[in-house]
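Order-wise, the sequence lines are chains Y and Z. Each residue of the first sequence is one higher than the one before, starting from 1 at the first, in UniProt numbering. Each residue of the second sequence is one higher than the one before, starting from 1 at the first, in UniProt numbering.
Source of the hints: derived by calculation from the structure; they are not laboratory data. Computed from a predicted structure; not experimentally measured. Even for Gly, the Cβ is constructed at its ideal location relative to N, Cα and C. Hints are not guaranteed to be accurate.
Said to hold, decoys possible - Non-contacting residues of chain Z with respect to chain Y, defined by C-beta distances greater than 10 Å in every case (computed):
1) Asn57
2) Phe97
3) Lys217
4) Phe281
5) Asp291
6) Asp344
7) Tyr365
8) Gly400
Stated by the list, open to error - Below, simulated DSS-like cross-link-like pairs (lysine-lysine); rule was C-alpha separation at most 27 Å, straight line:
9) Y:Lys146 / Z:Lys337
10) Y:Lys149 / Z:Lys384
11) Z:Lys357 / Y:Lys86
12) Z:Lys374 / Y:Lys15
13) Y:Lys14 / Z:Lys239
14) Z:Lys374 / Y:Lys155
15) Y:Lys57 / Z:Lys95
16) Z:Lys262 / Z:Lys217
17) Y:Lys57 / Z:Lys239
18) Z:Lys374 / Y:Lys46
19) Y:Lys86 / Z:Lys169
20) Z:Lys166 / Y:Lys14
21) Y:Lys149 / Z:Lys169
22) Z:Lys166 / Y:Lys149
23) Y:Lys155 / Z:Lys95
24) Z:Lys374 / Y:Lys98
25) Z:Lys88 / Y:Lys155
26) Z:Lys88 / Y:Lys15
27) Z:Lys166 / Y:Lys49
28) Y:Lys149 / Z:Lys239
Unchecked claim - If you only want the chain Y side, here are some residues facing chain Z, beta carbon under 10 Å, derived:
29) Asp33
30) Leu34
31) Ile38
32) Glu69
33) Ile90
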Amino acid sequence: MSMYPSHFAEPSLKKETNRSSASHIPVKAATNDLSDSIFYGELKNKLIKYITKKGNKSLARELLTETFETIKRTQIERLILAGTEKENIIIDSEQLLKNAIENARPLLQLSAIKRGGVKYQVPVPVTEKKSYFLAMKWLLDAAREKDRKVHLPEKLAWEILDAACGQGRVIKKKNDLHRQCESNRAYAHYRWS
Amino acid sequence: MFRKQFGNLSRVSTHLSRNVLAARVASREAEMSTNAAPAEAATAPPVVNEFRTGVGNPGEHSEVQIGKFYTIPMQEKKQIFSGGGLPKQYEQQIKTFTEACLMVRSPALELLNYIKRADLSKPVVRYVLYGDNGVGKTLSMAHVLHYGMLNDFLLVHVPWAPNWMKRPKESANSASQEGFIDLPFDAAAWLVHFKTQNSKLLERLQLKTSKEYVWSKRESTPAGSSLIELVEHGIARIKYASETTAALISELKQLATAGQCKIMVAIDGYNAFFHPITRIFSDNKQRVSPDRITLTQPFLDITNYDWTNGVCILSVDKIAMTEGYMESYLPRYLLGKEGFEHLDPFVPVHVGNYTEKEFTSYIKYYLDRHWISKTQPGFEEQLKFMSNMNPYTLMQLVRGL
Chain Y
1 MSMYPSHFAE PSLKKETNRS SASHIPVKAA TNDLSDSIFY GELKNKLIKY
51 ITKKGNKSLA RELLTETFET IKRTQIERLI LAGTEKENII IDSEQLLKNA
101 IENARPLLQL SAIKRGGVKY QVPVPVTEKK SYFLAMKWLL DAAREKDRKV
151 HLPEKLAWEI LDAACGQGRV IKKKNDLHRQ CESNRAYAHY RWS
Chain Z
1 MFRKQFGNLS RVSTHLSRNV LAARVASREA EMSTNAAPAE AATAPPVVNE
51 FRTGVGNPGE HSEVQIGKFY TIPMQEKKQI FSGGGLPKQY EQQIKTFTEA
101 CLMVRSPALE LLNYIKRADL SKPVVRYVLY GDNGVGKTLS MAHVLHYGML
151 NDFLLVHVPW APNWMKRPKE SANSASQEGF IDLPFDAAAW LVHFKTQNSK
201 LLERLQLKTS KEYVWSKRES TPAGSSLIEL VEHGIARIKY ASETTAALIS
251 ELKQLATAGQ CKIMVAIDGY NAFFHPITRI FSDNKQRVSP DRITLTQPFL
301 DITNYDWTNG VCILSVDKIA MTEGYMESYL PRYLLGKEGF EHLDPFVPVH
351 VGNYTEKEFT SYIKYYLDRH WISKTQPGFE EQLKFMSNMN PYTLMQLVRG
401 L
């Protein structure tokens, strides 16, 4: 896929990098969405790309910022109401997003494999990259399924908060998928035979 | 000679090292405050630390408090700002932080100084706040309004004048003046705002009307009835709200000149009264300029200098104009020739971006309120660079952190 040969190193985000030991290894050019500012987050960037519609990335960025704002507001409200158990409440919205995505990542997936003229739903392990993709896709799908009057940031914030504490529709979706995989475990050998 | 040079060098070096030390101490203090401060600040309201001041009365604020936050009690906030007067996003922030905090800044202090020293028996002085977008004109005004409320000024406060020109609730032809347009709902809303701000003071002062106002064949307000009755009539009979506003303001002017009360006029977005483009249309689909709206006349009248015992605080704002007229934030450009001549002579008060001290204090406040959760080394520098120390831009940037 990449235009670079495989021995090229990934670009580094740090300002000062000690490359004296590896100066012979060429480095890929940095993409234009990389930065070392406080606003940068790898996962955040990925999600922004998924939110984007018709190339309107600035809008997507704005939506995610608003989502984070909503999350922060609700969490601070909770913190004030909490009283004693203040340590358990995370306010960092990016950390919450990370937790939500980790919670929503599936391990297995069903894929249709044809054996003897019959299609079987065979459980197949998911690669790491795809599991992240699915988690974020489910989050967004859940957020986009809403009333017309509710704004995306608001709903997305709620979905992220739900998923971060292991509840909600996204987690249910993941659990359903796992359950189906479990019930189809008898077909698992069709993956290789 | 060599010795002299050597001495210089050593002095420089000690100076440098001292600075480094100071910076290191400061940074450590900042870290400690982020860790320790929140726990105590959330529970006990009147905390005093490096970015907060316990002085709640704006009349007592001085240079010492610059860059520090003071808290407006919720009840007073409700009384002054329930009808508007704080920016919407600031309201939201107040709600999230569960405290109404305002930073003491130099433009507001300058204004307060002028007001405290003003001779009220002389004709009113007009103060014009001006500055770039999002720089804190409205909040400076809010600070001064709080002072006014605590010091028994009757507040004549228009939270955002362009609302009347840009998005009026309803417009109707005026019954009393030919060719003029009434904004009955907006006038009534303003009367409600006036009442909530001043009801306590009005009850205490017992101000009376000087002449009889006849609204229609059956309705009239007799001479010698209290101002509250006049206001309540305007609220109850929305049709006459605009005329009531005019009557109320002329009464107030007379009463103030007679020395029965002192008045603080605060109008945000004052230049909207002189901007010919509005979104109000007359019967023949012609744009109505602000001087043909009955509601503007009393407010132009009260900003004139032909009365005493009052202060006028006006702000001119770029976003009060319409597109194509927003090149500069300077009063002469925004007010136009007519408006400038109407106000001349006035005291201009420039509101600028944060200073270094105010900026760090704001960051500390945000950290204390858990609003910034990413504290990599050097994040302040980045925010400073990106926001150019503009208050609104900073607020927008920090949202998603």
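Output the indices of the hints that this structure fails to meet, ascending. Checked against the structure, the hints that fail are numbers 2, 8, 9, 10, 11, 13, 15, 16, 17, 19, 20, 26, 27, 28, 29 and 30, while the rest are satisfied.
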